[in-house]
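Put together the whole structure using the sequences plus the hints.
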Amino acid sequence: MSSKKKQKMKRSSSTQVQALAQHICMSAHKARRVIDQIRGRSYEETLMLLELMPYRASYPIFKLVYSAAANASHNKGFNEADSFISKAEVNGGTIVRKFKPRAKGRSYPIKRPTCHITIVLQDRSKKKTDRDMFLGTKNV
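Note that the sequence shown covers residues 1 to 140 in full-length UniProt numbering.
Hint data in this document are derived by calculation from the structure and do not stem from the laboratory.
Since the structure is predicted, the reported quantities are computational estimates derived from the model, not experimental observations.
Honestly, I wouldn't trust all of these hints.
To be verified - Here are the simulated DSBU-like cross-link-like pairs (lysine-lysine), alpha carbons at most 35 Å apart as the crow flies:
#1 K111 / K30
#2 K98 / K76
#3 K100 / K87
#4 K104 / K76
#5 K87 / K98
#6 K111 / K76
#7 K30 / K100
#8 K111 / K63
#9 K63 / K100
#10 K30 / K63
#11 K87 / K76
#12 K87 / K104
#13 K98 / K111
#14 K87 / K30
#15 K30 / K98
#16 K63 / K98
Printed below as a string of structure tokens:
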């Protein structure tokens, strides 16, 4: 199995869509700094924030949020304007170890940390109707 970036989509509920990016070459701590800013925000607000953030972690997270929204609209028919980030998490991945050759036959180890990023989008409009169906009330 190659160590390229992989994106997967999992369906956990009728109102949620999950996108996962694995083996992103970046520290989980640095990615969490960006993820903590976007958790719970709407889709459009998240894209604006990520475009303006000066961190290197913003770009892969931006691509993942965009991919999750595309999955939601294509597979479930969600409207992107009604979506919000219900869950966003960063987990540590494997550490890529390399050796850098140095003078006099020595070598120094280089550790490249990776992380796995999970984004879950939820649709506000469908969430309301599911709750109403559970409670037995009708939308008027």
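Hinted pair, alpha-carbon criterion (35 Å max): K104, K76. Please report holds or violated. violated, 60 Å
Quick one, are K98 and K76 close enough, alpha carbons at most 35 Å? Not satisfied, since the Cα-Cα distance of roughly 43 Å exceeds 35 Å.
Within 35 Å, alpha carbon to alpha carbon, are K30 and K100? holds, 24 Å
For the pair supplied as a hint, K100 and K87, is the alpha-carbon distance within the 35 Å limit? violated, 39 Å
Under the criterion that the straight-line Cα-Cα distance not exceed 35 Å, is the pair K98, K111 satisfied? holds, 6 Å
Regarding the pair K87 and K104, is the alpha-carbon distance no greater than 35 Å? violated, 51 Å
When you check the alpha-carbon spacing of K111 and K76, does it fall within 35 Å? It is violated: about 40 Å lies between the C-alpha atoms, which goes past 35 Å.
Are K87 and K76 close enough, with their CA atoms no more than 35 Å apart? The hint holds at about 18 Å.
Holds or violated: are the alpha carbons of K87 and K30 at most 35 Å from each other? holds, 18 Å
So if I understand the rule, the pair passes when the alpha-carbon distance is 35 Å or less; does K63 with K100 pass? holds, 31 Å
Under the criterion that the straight-line Cα-Cα distance not exceed 35 Å, is the pair K30, K63 satisfied? Roughly 17 Å separates the two Cα atoms, so the pair holds.
Does the structure keep K63 and K98 at a Cα separation of 35 Å or less? With Cα atoms ~28 Å apart, K63 and K98 stay inside 35 Å; holds.
Going down the numbered hints, you'll see the structure goes against 2, 3, 4, 6, 12, while the others check out.
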